[in-house]
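Visitor: Under our numbering, the sequence shown has 217 at position 217, and the numbering climbs by one with no breaks.
These are calculated hints, taken from the structure and not from any lab test.
Being a predicted model, the structure only gives us computed values, none of them experimental.
Do not take every clue at face value.
What the hints assert, rightly or not - Capping the alpha-carbon separation at 27 Å, the derived lysine-lysine pairs in DSSO-like fashion look like this:
id : residue 1 : residue 2
1  : K112      : K171
2  : K112      : K192
3  : K171      : K192
As the list claims (entries may be wrong) - Restraint ranges, calculated between C-beta atoms of paired labels, are given here:
id : residue 1 : residue 2 : range
4  : I111      : S238      : 36 to 46 Å
5  : Q315      : E249      : 19 to 29 Å
6  : R146      : S267      : 19 to 29 Å
7  : P120      : S207      : 52 to 62 Å
8  : T130      : N210      : 15 to 25 Å
Don't be surprised by glycine CBs; every beta carbon is placed ideally from N, CA and C.
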Amino acid sequence: MDFRRIMLFGALGLVLAMLWQSWVQFQIDHDPANPAAVANQSGQTAATSVADDVPTAPAVVSDVPGTAVVAADTPSEPEVEMGGRLINVSTDLVNAKISTQGGNLVHLELIKHPVSVESPDEPFVLMHQTNGALNVAQSGLIGSDREYPNHTVEFQSNQSDVTLDSNGEAKVVLVWTAPDGIVYQKIYTFRKDSYQIDVEFQVANNSATNWTGFLYGQLKQTEIRQEGSMGFLGRLPSYNGAAIYTAEEKYDKVDYSEISDEPLNVSTTNGWVAMLQHYFVSAWLPQGSDSYQLYSGVSRNTVLPEYRIGFKQTQP
1 MDFRRIMLFG ALGLVLAMLW QSWVQFQIDH DPANPAAVAN QSGQTAATSV ADDVPTAPAV
61 VSDVPGTAVV AADTPSEPEV EMGGRLINVS TDLVNAKIST QGGNLVHLEL IKHPVSVESP
121 DEPFVLMHQT NGALNVAQSG LIGSDREYPN HTVEFQSNQS DVTLDSNGEA KVVLVWTAPD
181 GIVYQKIYTF RKDSYQIDVE FQVANNSATN WTGFLYGQLK QTEIRQEGSM GFLGRLPSYN
241 GAAIYTAEEK YDKVDYSEIS DEPLNVSTTN GWVAMLQHYF VSAWLPQGSD SYQLYSGVSR
301 NTVLPEYRIG FKQTQP
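Could you build all of it, start to finish, from the sequences and the hints given here?
Guide: Printed below as a string of structure tokens:
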């Protein structure tokens, strides 16, 4: 029995841009080494279909190290219903909820930013999952030779309410044990005075075979329509939709119609994916110099079309 501990880190930051001007400056001259993600909901998570939103794993050519054939983002999982218990996280800047179903970030409130001038005590909700509408951050591991903890599996955790500790960190640890005995930990780390959230996977390979897997992260949302007033922000034009960054092509918007018309398929070793909402941005930023595929898709077997933008590793 192989008891080696295999560690796979996906430090996926979440960086928040508050104003459109700041985001423009960021896209022009900021090295993509800081961006990231955020989310919303209370009680139990609302049910929604996730039949076709798990990305397919690359087919690795085993005798040629470091190469992979990237498969299309086609349906590869049976239809399941989102549920799970919610774990509450509170810091000095955000209130967040993480679902044990998939270990997804499904709710995030920005404490320092009210929803409007008229409601100064009501925090702006950036991520949410309720009444058929959603804006969530999902992540997981995929592969082809065993069962993996994608964003639909049911994790276990003994945590319910998490706050900042004496070191200024709030950690949420979720555990999933695969049928073959491999134990996976998915760990969220929130920090004081920061909108960045790190997501880390740890893999304890207790099986008799070598482990290979691929990290992915995606942002999923229904189309956001502007409603009501956001103070002076409500008077400025804004973009709601997806965006990507690569070192080769730089910043590029990917609107809902583009996602509907043709799935994105971009290879890079230095990039990120994002969703923009009003004057806020949530993004997955994979760390390191691994090869990634940036992808998009839309699910239509739901109350509202669910658009997604994501990345996945193409090398183990």
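Visitor: Would you mind marking each hint as holding or not holding in the structure?
Guide: Hint-by-hint comparison with the structure:
1. K112 / K171: holds (21 Å)
2. K112 / K192: At roughly 13 Å apart (the allowed maximum being 27 Å), K192 and K112 satisfy the hint.
3. K171 / K192: Roughly 12 Å between the alpha carbons, so the hint for K171 and K192 holds.
4. I111 / S238: 36 to 46 Å: violated (22 Å)
5. Q315 / E249: 19 to 29 Å: holds (21 Å)
6. R146 / S267: 19 to 29 Å: For S267 against R146, whose Cβ atoms are near 26 Å apart, the range 19 to 29 Å holds.
7. P120 / S207: 52 to 62 Å: holds (54 Å)
8. T130 / N210: 15 to 25 Å: violated (42 Å)
Hint compliance for this structure: hints 4, 8 are not met, and every other hint is.
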